[in-house]
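Protein sequences, first through last, are from chains A and B. For the first sequence, the working numbering assigns the number 1 to the initial residue and increments by one for each residue that follows. For the second sequence, the working numbering assigns the number 1 to the initial residue and increments by one for each residue that follows.
Simulated from the structure, these hints should not be mistaken for lab results. Even for Gly, the Cβ is constructed at its ideal location relative to N, Cα and C. Among the hints, erroneous ones may be present.
[What the hints assert, rightly or not] Taking beta-carbon pairs under 8 Å as the criterion, some of the chain A residues facing chain B (in silico):
hint, residue
1, 4
2, 66
3, 75
4, 80
5, 102
6, 139
[To be verified] In silico EDC-like cross-links for lysine to aspartate or glutamate, where the CA-CA straight-line distance does not exceed 20 Å:
hint, chain 1, residue 1, chain 2, residue 2
7, B, 610, A, 79
8, B, 610, A, 122
9, B, 227, A, 79
10, B, 229, A, 122
11, A, 83, B, 222
Chain by chain, the residues:
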Amino acid sequence: MSDFVLNVNGAKMRVSAPGDETLLSVLRNRLDLTGTKYGCGEGECGACTVLMDGQAVHSCQILVADAAGSKITTVEGLEQSGKLTAVQQAFLDAGAMQCGYCTSGMVMRATALLHELPSPSEAQIRSRMNGNICRCGTYPRIIEAVRQAAHSTAKGGAR
Amino acid sequence: MKTLPIEAVELAPPDSINPLHCFQLDRRNFLKLFGGGLLVCLTGEQTLAQEAGRGFGGRQQVPADVSAWIHIDADGKVSVFTGKAEIGQNIRTSLAQQVAEELMLPFDAITMVMGDTDLVPYDAGTFGSQTTPQMGPRLRSMAAAARQALIELAAKQWSVDAATLTVAEGRVSNPANKQSLSYGQLTRGEKLVATVSSTAPLIPANAWKVAGTPVPKANGREFVTGKHKYPSDISLPGMMFGKVLRATGFNATLDSLDTAAAEKMSGVKLVRDGDFIGVVAPDAYTAEQAIAAIQAKWTVPAQPSNQNIFEYLKNNLESGSGGFGSQDARPQRAAAPAPSTAVPAAPSTDSAAIQLAQQYTVQYIAHAPLEPRAAVAQWKDGKLTVWTGTQRPFGVRDELVAAFHLTPAQVRVIQPDMGSGYGGKHTGDAAVEAARLAKAAGAPVKLVWTREEEFTWAYFRPAGLMELKGSVARDGTLIAWEHSNTLSGNAGLPTPYNVANPITQYHASRSPLRQSSYRALASTANHFARESFMDELAHAIGMDPLAFRRKNLTEPRLLAVLNAAADKFGWAAAKSTPSKGFGIACGMEKGGHVATCAEVAIDAAATTVKIMRVVQAWESGAIINPDGLRNQNMGAIVQGIGGALLEAILFGDGRILNPHFESYRVPRFTDAPQVEIVLLDRKDLPSSGAGEIGIVGIAPAVGNAIFAATGTRLRDMPMAPSTPVPGLTPSPFKF
Numbered sequence: 001m002s003d004f005v006l007n008v009n010g011a012k013m014r015v016s017a018p019g020d021e022t023l024l025s026v027l028r029n030r031l032d033l034t035g036t037k038y039g040c041g042e043g044e045c046g047a048c049t050v051l052m053d054g055q056a057v058h059s060c061q062i063l064v065a066d067a068a069g070s071k072i073t074t075v076e077g078l079e080q081s082g083k084l085t086a087v088q089q090a091f092l093d094a095g096a097m098q099c100g101y102c103t104s105g106m107v108m109r110a111t112a113l114l115h116e117l118p119s120p121s122e123a124q125i126r127s128r129m130n131g132n133i134c135r136c137g138t139y140p141r142i143i144e145a146v147r148q149a150a151h152s153t154a155k156g157g158a159r
Numbered sequence: 001m002k003t004l005p006i007e008a009v010e011l012a013p014p015d016s017i018n019p020l021h022c023f024q025l026d027r028r029n030f031l032k033l034f035g036g037g038l039l040v041c042l043t044g045e046q047t048l049a050q051e052a053g054r055g056f057g058g059r060q061q062v063p064a065d066v067s068a069w070i071h072i073d074a075d076g077k078v079s080v081f082t083g084k085a086e087i088g089q090n091i092r093t094s095l096a097q098q099v100a101e102e103l104m105l106p107f108d109a110i111t112m113v114m115g116d117t118d119l120v121p122y123d124a125g126t127f128g129s130q131t132t133p134q135m136g137p138r139l140r141s142m143a144a145a146a147r148q149a150l151i152e153l154a155a156k157q158w159s160v161d162a163a164t165l166t167v168a169e170g171r172v173s174n175p176a177n178k179q180s181l182s183y184g185q186l187t188r189g190e191k192l193v194a195t196v197s198s199t200a201p202l203i204p205a206n207a208w209k210v211a212g213t214p215v216p217k218a219n220g221r222e223f224v225t226g227k228h229k230y231p232s233d234i235s236l237p238g239m240m241f242g243k244v245l246r247a248t249g250f251n252a253t254l255d256s257l258d259t260a261a262a263e264k265m266s267g268v269k270l271v272r273d274g275d276f277i278g279v280v281a282p283d284a285y286t287a288e289q290a291i292a293a294i295q296a297k298w299t300v301p302a303q304p305s306n307q308n309i310f311e312y313l314k315n316n317l318e319s320g321s322g323g324f325g326s327q328d329a330r331p332q333r334a335a336a337p338a339p340s341t342a343v344p345a346a347p348s349t350d351s352a353a354i355q356l357a358q359q360y361t362v363q364y365i366a367h368a369p370l371e372p373r374a375a376v377a378q379w380k381d382g383k384l385t386v387w388t389g390t391q392r393p394f395g396v397r398d399e400l401v402a403a404f405h406l407t408p409a410q411v412r413v414i415q416p417d418m419g420s421g422y423g424g425k426h427t428g429d430a431a432v433e434a435a436r437l438a439k440a441a442g443a444p445v446k447l448v449w450t451r452e453e454e455f456t457w458a459y460f461r462p463a464g465l466m467e468l469k470g471s472v473a474r475d476g477t478l479i480a481w482e483h484s485n486t487l488s489g490n491a492g493l494p495t496p497y498n499v500a501n502p503i504t505q506y507h508a509s510r511s512p513l514r515q516s517s518y519r520a521l522a523s524t525a526n527h528f529a530r531e532s533f534m535d536e537l538a539h540a541i542g543m544d545p546l547a548f549r550r551k552n553l554t555e556p557r558l559l560a561v562l563n564a565a566a567d568k569f570g571w572a573a574a575k576s577t578p579s580k581g582f583g584i585a586c587g588m589e590k591g592g593h594v595a596t597c598a599e600v601a602i603d604a605a606a607t608t609v610k611i612m613r614v615v616q617a618w619e620s621g622a623i624i625n626p627d628g629l630r631n632q633n634m635g636a637i638v639q640g641i642g643g644a645l646l647e648a649i650l651f652g653d654g655r656i657l658n659p660h661f662e663s664y665r666v667p668r669f670t671d672a673p674q675v676e677i678v679l680l681d682r683k684d685l686p687s688s689g690a691g692e693i694g695i696v697g698i699a700p701a702v703g704n705a706i707f708a709a710t711g712t713r714l715r716d717m718p719m720a721p722s723t724p725v726p727g728l729t730p731s732p733f734k735f
């Protein structure tokens, strides 16, 4: 066990954990930030996607020791003063979910994507999002949500 | 391994579960849970409609056959209690819409309380597309009765004729003098119980204001902010983390076990009960380390593999034709009691221009819900409470009752809205395991299956072998039809086409893998076979596949979706070329009518196939939520692409060989075609379920499109797997 200070959603969080425990496990099981989901633990499904210094990563593939010192954003850290981000709002508006279990990972992946490519093509959306699985099959709606988020951001809507 | 709890669970087909199980209401003194207000219960057969009024608050017993109830509190807030489970099909939304409609309230006024065995009446489970046709009308009836009871309360208070009063926005009004009272005010804070029969008039679909509209997912905001707590997100004070030791194969026997290293770990407790071996630890990381540190040697017997599965199934037929069929799929001719391996001879076919016989197969596939099985179990004050993801909360309660020799009143199962199921979460495997670990630990325990465990120790959609024979007269009239299914089931087996004396048979067989329900059951396999075979017959007789279907079809609802899909798709102008193929398929079951058109692109070397566009027309009676209906159809198509082209569980000698998303390829973003859904709204017909049958058209439509482009007929699902399935002729196509 070692002591780490994680910077999560703008707050410094002290946590005691083995250095080779995954960031996903620490977020969910030690910090009770359960918005980030376990889907496979193998970096194959994207349910655990978080932002590390703005980059989308599979938190199941990151060791907590390697996450200390980075700015980590989870789905719980997107909403500001009760206002959803453009991506969150677009997922609601497009009805881009069924069971919703993949949604937080999708939202995080889409957030990183739009940060890098503010107006992505459909092909870019598909290829950048391809590491995230939705078993309910709502991909066409998620693509539409990402498009809508790009559009509303360009128009100066939510960040 | 036979003594492992998950192996001890007999997977009864859902439709064999007795739905008349009694709810032990008297023991719970349920009414104490409520404050003042009106509780409305619906009975089955009896007509106990009582006048709403002060005189009838004294009744403190509710009949045992109540299947759901509605409570309207003193503030006018409405709570609806049902044992149905929300698994992504969005019934939390569609059921609330129906209650809001009949109570003449806005959607937001309704709170659904679902899947908590201590709070809701008994329900057999959420499967078979039954929520919409059965629970929907029940809730509507109750809500309508509640509305009537409130009107009568007002009439009594005002001493006027109830027929002169009106209801809107949660208030009863007297147009004569503009008096009005809210629902809450009418109950005056008293505990009123109305036991009603289903005779109150319902609002017809063509007058719906809340039902019939695209209300967004209830609590959608909780999902985009990560606040919703799924079963695997539940956390309790003092909770420990569990892991279960898995054998290296099915039906294994344990030869030796060394747990010394695991037991030395700080805070780890070993739990052993027969061949059930698990650990609990203060944190998830340590639990994983501890289970990995256990040295166990197993002997796994030789078992069938993909290579010889269909031969094995034919050689291991079992008597009885029960299987995993749906309730409404009856053999069109009584199945032979002792199934033979040979399909019966075709009827006289003298006038036949062509006769064909073909065989089709489907492989075992996994549901792979993104949230694996998970449970948190707590023993407290002689009561076991388990939070878990299941489509059958009461079924899981019964499993726990049996496993721990408890009474139903000692077990509470709570099912938070979960990370999907698709028919794959009927059992309480993780719940039983977590409860066993928690009992030993003396603390609440969370158990979350790994993806590999989910792929291996859950159950599978059965494989199946379909054998078809048919004859067509020169004018395209079907004159003989035989269709048998071995193992996968009889759902979707009857043909909707007009043909004299069709023979359909289901042959049960011994499955080497644990198998049970999967979205649409065997309908997917049987529609793949039937609609592919219809396409083969059409081509053999030289008819357009749509024209051939129309010629042999008079079922108006199926014809309507077939025509709607073809029109939207532009079938008449869709001429296949070697690089582009168009296919069509249709089917109906459980009140759902579907027709699917697919366009595929084939590369120049004819080695890769891509689905470009899918148009699906759907009709299931009056539409309760068009947005939800589109979502279910689109999702079913995308998920169906997996089984159609990609997915197969690879197995052999008791092992699953591809228990990871890396090797078990599921549909992803780049696989999803352009999807257009055409909804037909039959406001004159009762609403049917829509979570399942939307999946049956995509596989044959795609297979038929590939044939139209290439002349290659693919008769095995998956049709274009990324790695060849042993025992199948390798597909010439990659997806």
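Status of each hint after checking the structure:
Hint status for residue 4 of chain A: violated, given a least beta-carbon distance of 13 Å to chain B, over 8 Å. Residue-level restraint check for residue 66 of chain A is violated (minimum Cβ-Cβ distance to chain B is 15 Å; threshold 8 Å). The closest approach between the C-beta of residue 75 of chain A and any C-beta of chain B is roughly 4 Å, which is under the 8 Å cut-off, so the hint is satisfied. Interface restraint check: residue 80 of chain A against chain B, minimum CB-CB distance 11 Å, threshold 8 Å, status violated.
Nearest Cβ of chain B to the Cβ of residue 102 of chain A: about 5 Å, under the 8 Å cut. The hint holds. A cut of 8 Å between beta carbons decides the hint on residue 139 of chain A: the least distance to chain B is about 4 Å, and the hint holds. Using a Cα cut-off of 20 Å, the hinted pair residue 610 of chain B and residue 79 of chain A is violated, with the two alpha carbons roughly 38 Å apart. Distance check on the hinted pair: residue 610 of chain B and residue 122 of chain A sit about 16 Å apart at the alpha-carbon level, within 20 Å; holds.
Using a Cα cut-off of 20 Å, the hinted pair residue 227 of chain B and residue 79 of chain A holds, with the two alpha carbons roughly 11 Å apart. For a cut-off of 20 Å, the pair hint linking residue 229 of chain B to residue 122 of chain A is broken: about 32 Å separates their Cα positions. Proposed proximity of residue 83 of chain A and residue 222 of chain B is supported: the alpha carbons are some 13 Å apart, at most 20 Å.
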